[in-house]
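Asker: Protein chains in written order, with this note's numbering: chain A, 1 to 243; chain B, 1 to 243; chain C, 1 to 271; chain D, 1 to 327.
If you're looking for bench data, these hints aren't it; they were derived computationally from the structure. Yeah, the Cβ is synthetic: ideal placement off N, Cα and C, and Gly gets one too. One or more of the hints may lead you astray.
[Stated by the list, open to error] These stretches of chain D come out as covered by chain C in the derived footprint (C-beta under 8 Å, 3 or more residues):
| hint | region |
| --- | --- |
| 1 | 52-60 |
| 2 | 100-114 |
| 3 | 189-196 |
[What the hints assert, rightly or not] Only pairs whose alpha carbons sit at most 35 Å apart, straight line, appear in this in silico DSBU-like list of lysine-lysine:
| hint | chain 1 | residue 1 | chain 2 | residue 2 |
| --- | --- | --- | --- | --- |
| 4 | D | 137 | A | 84 |
| 5 | A | 56 | D | 32 |
| 6 | C | 136 | C | 161 |
| 7 | B | 84 | C | 203 |
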Amino acid sequence: MALINLVNLCYDYPNTTGLDHLNLTINAGEFVCLMGPNGSGKSTLMKILSGLASPKSGDYQLDGQAITAAYLADAQRRQRLHQKIGVVFQNTDVQLFNTSVAEEIAFGPRQLGLSAAAIEQRVTDCLQLTDCEALRERVPYQLSGGEKKRVALASVLALNPEILLLDEPLNGLTIAAQQQILTLLQRLQSAGKTIIMASHNFQQVQAVGQRFIIFNSLHQISADMTAADLQRQPDRQTQLMTL
Amino acid sequence: MALINLVNLCYDYPNTTGLDHLNLTINAGEFVCLMGPNGSGKSTLMKILSGLASPKSGDYQLDGQAITAAYLADAQRRQRLHQKIGVVFQNTDVQLFNTSVAEEIAFGPRQLGLSAAAIEQRVTDCLQLTDCEALRERVPYQLSGGEKKRVALASVLALNPEILLLDEPLNGLTIAAQQQILTLLQRLQSAGKTIIMASHNFQQVQAVGQRFIIFNSLHQISADMTAADLQRQPDRQTQLMTL
Amino acid sequence: MEPKQPTNLPAWLQAPASTTSHATRVTFWQRNQRHLRALLRRLAQPAPAIQPRWHLAPQINLIRLLLLVLLIALIQNAVLLWCLALLLGFQLLWLPPGQLRRFVRSWLFSSVVAVIIVLPSYWLNGPATLLFFSLKTSLMLANAQYYRLTTPFQDLLSGLKSLHFPDVLIMTLAIAVTYLRMLGQHLLLTMEALETRTVAPTKHPYRLIGAMFGNLYLKSYAYALELYAAMEARGFNGHYVRSTPTHSHWRDYLSLSPDLLVLILFVLWRP
Amino acid sequence: MHIPDNYLSPATCGTLVVAMAPVWTVSVLTVKAQVKKHHETLPMLGIAASLAFLIMMFNLPIPGGTTAHAVGGTLLAVLIGPWAACLALSVTLLLQALLFGDGGILAFGANALNMAVIMPFVGYGCYRLGQKLHHEKIGLAVGAYLGINAAALIAGVELGLQPLLAHTASGAPLYCPYGLNIAVPAMLSAHLLVAGWVELVFTLLVFQFVKRVAPTNLYQTPVKTNRRPWLALLVGLAILSPLGLLASNTAWGEWDTTELTHLLAQQHLSTQAPQGMVHGFHFQALFSDYAIAGLPVSVGYILSALSAILIFLLLIRGLQHGTETTD
Ligand SMILES: Nc1ncnc2c1ncn2[C@@H]1O[C@H](COP(=O)(O)OP(=O)(O)OP(=O)(O)O)[C@@H](O)[C@H]1O
Ligand SMILES: Nc1ncnc2c1ncn2[C@@H]1O[C@H](COP(=O)(O)OP(=O)(O)OP(=O)(O)O)[C@@H](O)[C@H]1O
Ligand SMILES: [Mg+2]
Ligand SMILES: [Mg+2]
Chain A
1 MALINLVNLC YDYPNTTGLD HLNLTINAGE FVCLMGPNGS GKSTLMKILS
51 GLASPKSGDY QLDGQAITAA YLADAQRRQR LHQKIGVVFQ NTDVQLFNTS
101 VAEEIAFGPR QLGLSAAAIE QRVTDCLQLT DCEALRERVP YQLSGGEKKR
151 VALASVLALN PEILLLDEPL NGLTIAAQQQ ILTLLQRLQS AGKTIIMASH
201 NFQQVQAVGQ RFIIFNSLHQ ISADMTAADL QRQPDRQTQL MTL
Chain B
1 MALINLVNLC YDYPNTTGLD HLNLTINAGE FVCLMGPNGS GKSTLMKILS
51 GLASPKSGDY QLDGQAITAA YLADAQRRQR LHQKIGVVFQ NTDVQLFNTS
101 VAEEIAFGPR QLGLSAAAIE QRVTDCLQLT DCEALRERVP YQLSGGEKKR
151 VALASVLALN PEILLLDEPL NGLTIAAQQQ ILTLLQRLQS AGKTIIMASH
201 NFQQVQAVGQ RFIIFNSLHQ ISADMTAADL QRQPDRQTQL MTL
Chain C
1 MEPKQPTNLP AWLQAPASTT SHATRVTFWQ RNQRHLRALL RRLAQPAPAI
51 QPRWHLAPQI NLIRLLLLVL LIALIQNAVL LWCLALLLGF QLLWLPPGQL
101 RRFVRSWLFS SVVAVIIVLP SYWLNGPATL LFFSLKTSLM LANAQYYRLT
151 TPFQDLLSGL KSLHFPDVLI MTLAIAVTYL RMLGQHLLLT MEALETRTVA
201 PTKHPYRLIG AMFGNLYLKS YAYALELYAA MEARGFNGHY VRSTPTHSHW
251 RDYLSLSPDL LVLILFVLWR P
Chain D
1 MHIPDNYLSP ATCGTLVVAM APVWTVSVLT VKAQVKKHHE TLPMLGIAAS
51 LAFLIMMFNL PIPGGTTAHA VGGTLLAVLI GPWAACLALS VTLLLQALLF
101 GDGGILAFGA NALNMAVIMP FVGYGCYRLG QKLHHEKIGL AVGAYLGINA
151 AALIAGVELG LQPLLAHTAS GAPLYCPYGL NIAVPAMLSA HLLVAGWVEL
201 VFTLLVFQFV KRVAPTNLYQ TPVKTNRRPW LALLVGLAIL SPLGLLASNT
251 AWGEWDTTEL THLLAQQHLS TQAPQGMVHG FHFQALFSDY AIAGLPVSVG
301 YILSALSAIL IFLLLIRGLQ HGTETTD
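Next up, chain A with everything else stripped away, as it sits in the complex (with noise of 0.2 Å):
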């Protein structure tokens, strides 16, 4: 079944459009990559999906549920979308919080009310699959901007959401940082969670990918095919590599 459903969706910025007319249907279990020029319209997607903005017409469905704004202003239900969805922002800066890596890992299991130990091994593992254990006691914020990045994801991962929005996750990273990531994704798509990222590195993407979705400069979607249509367009793979 479609785990989300955009119908016609558009988004309008108060002076810019930001999506104009999406149509999609994500399946559970999908790797998807978002490319597309700069100011196409990713960023907005995500914080559609993510209900951070509610769409200005159109329908955005998740599960078969509407999330329209009306669904979105109950703080209960927000927060089991929330739970659902676990996203790493484009500026990582704005999701750390806590004053040590470790309490930013542990704050939301923590708020789930996990024993310690839960909440202990929780934290141990995200460090060790992000390979962040020697920051464990540094102070988020004055991480450099690779190692934000990291504890962003460390800390979106120990929740353990169905579906994670990741927003160029992989910027600033080292090149092993970054096949360690993709490949720690991997992983979690083969358990079953649904994986959207955006990026502008194909090349990086292309072996992990299994659908891309591509915008245009007039925040519209101009293709949307999986990996195998891919594989028999190469002048599409060209075009793909310029975004």
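Position chains B, C and D with the ligands relative to chain A; hints supplied.
Answerer: Below, chains B, C and D with the ligands without anything else, positioned relative to chain A:
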């Protein structure tokens, strides 16, 4: 003559090392790439070079002039330093604070007391060079991640600095835009500017960099070589591919 | 989409940079940056370096502070005040030397400032009033300073929570401190970025300040949504769940007893 | 103008905290209604509090080479609404008192009244008035200037009353040693001459920026408001203010209430950023005659309490009218 000269330079953050005994000489007109793992000290070095922090021990000389805390305490000298060095930060969010993109770019030239026509000229040129014409009247803080990067670069170029410090300026740009910026940087270098750029994408900077300075995770410089040196060391190249 | 080739460099960009010098005025940016750094350093401490010898329940600490300040304000009796000062002095004994120096430094500084303000009243009311007032004020300052030095922010929150302050207030406080870090850092970095582009004295610093705080507000508005979602996504629902260690309460109440004793003396003792 | 501890008698402090209670209650109720419509209001409260903190610690240059800082009460009221601003500023003050030593712990109620109630509401009232007359910027400017000066005046009164309310048998003051004749002029002149203008310019510039860049992010006055909270506030204040008057004059006069001079507050703030801007005022204290201090005693107190109530009544009236004309 050496433009920038670092001798045994150390920098410490309250609870971590930032830089550890750096020795480095950069000549005018060079295109230098800084590479290294996350948190190895690239951004910290940029901070010192731009005069935002002063070394804890060791010397930093610019054009034969030692830049010390005492030197930086003088507002006039600091301004002269800033005229010489343009900086694009890793997190460009903090760099844009005017009401429109055009204003943002005009900010620097206006301080220099240029005529209105000259300012207008610079704004137009910079917008064109970074392919931002369409953003001219937009509000900087409302731009997308990649757009912000480009505007930040444009606003620094408008000051025509002698030295450009670019901290991962290509992050979040489309590959096409990255190419365009790299070409622009090459042109700037041939016009005599010194360019110091941090990056994690060796493939990309390989084509333009003349010199590669590699940090290790101990915040030291582990290698410093020219493009020609690098040509002769294929194993080095594969190492750099992972940074 | 053809990758667009950049046009040639304009002439002004090819010309060697000419550095000009301008007469400068005092910059207040530097000073603000210093203050902000100090603030951030203080906020960055995950926990204060010192833990008092006995870790008391946070709400007891808070009540103690209130009680002490109130007592000092009420008491006009030198002997009782002396007792309170001794009480504090004994507590200070447990501080590690470095912390003690820090305490003395900031306490002396704030006391001197307070005394300077009341100094002119010497000519109004004579030395006795001045002396008494100064002593009482610095005693209050010392107690407040001790509290600040020994209480991590988390404890303040859980203290308020145990005292049944509404969740809205506690959450607002928590968010305020979180944001103080983030916005402070943002402001600091913005000032630094601004500085790297300040190549001549700013003619209209006020306009820049307006732009900076305007930006700060607008960005924080956008951040508010994102950060709150990030918090909610991680299960935050406005209730601060804290694993509070279970305490033997007699110790907490015992620690209040000297203050209560003084209170009783104050009420009953009519010399 | 943070009033430190020991300048106000405990009774004054208590009275003012009690007086703040209905205001906070109404604030919470109003803000809760606001949250229903815009759920970002809740995090915005915390953010506004930290913003206020940063504004208060940011030194602005003033002609003459020294610095002052703005308080931002009016600005916040315009940005997030007066009730939310009241809560946010209260949180800021609490934080400053408990964790940063700015402003007293006992004096929290007094500080909250001055800076979290009087300043934003006076400022916002003027702004709304200006908006109605189609000169919102002038309204805002006047509001910012008047707001901070009204707060300073009240602070001066609170402080200046202390020697009258709390003194030993021989007449020596127990708390703030300066009478109304010193406290009020000192507070007022510093604000009328310097701080008010700083506040005005700062408020106007930030407002202008936000207005130009994102006008939708300004607080939109609700079209229809429920009058009940207003009424509650009105009644609460009307009842409590005389109560305060009562409490301060009754038997426990020995430890009674008043407030700190503006001068004192200014000086106290400078623990973090020493400033020399108001040093001149000490001289007034030096030359003032002890005898004069007693003159406007009870009359002054009653008059100022009455004017405080009156200002509130007028403001509330003005605001109510405003909401009527907008729909
Ligand atoms: N807060 C905002 N207010 C107004 N316009 C905005 C805002 N954020 C983004 N925009 C605009 O909306 C459009 C889509 O932006 P979005 O951030 O979704 O792009 P993107 O695809 O993520 O780009 P990038 O690859 O650069 O991150 C752009 O034209 C952008 O300028
Ligand atoms: N403000 C700060 N306070 C304390 N420590 C810091 C601060 N900024 C950076 N650090 C630490 O200093 C070290 C060097 O950081 P720096 O930002 O220079 O790394 P970097 O090489 O730029 O990394 P990246 O590639 O991730 O951007 C890291 O260990 C980092 O955690
Ligand atoms: Mg984006
Ligand atoms: Mg960096």
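Asker: Evaluate each hint against the coordinates.
Answerer: Results of checking the hints against the structure:
no., hint, result
1, 52-60, "holds (count 7)"
2, 100-114, "holds (count 5)"
3, 189-196, "violated (count 0)"
4, D:137 / A:84, "violated (46 Å)"
5, A:56 / D:32, "holds (25 Å)"
6, C:136 / C:161, "holds (30 Å)"
7, B:84 / C:203, "holds (20 Å)"
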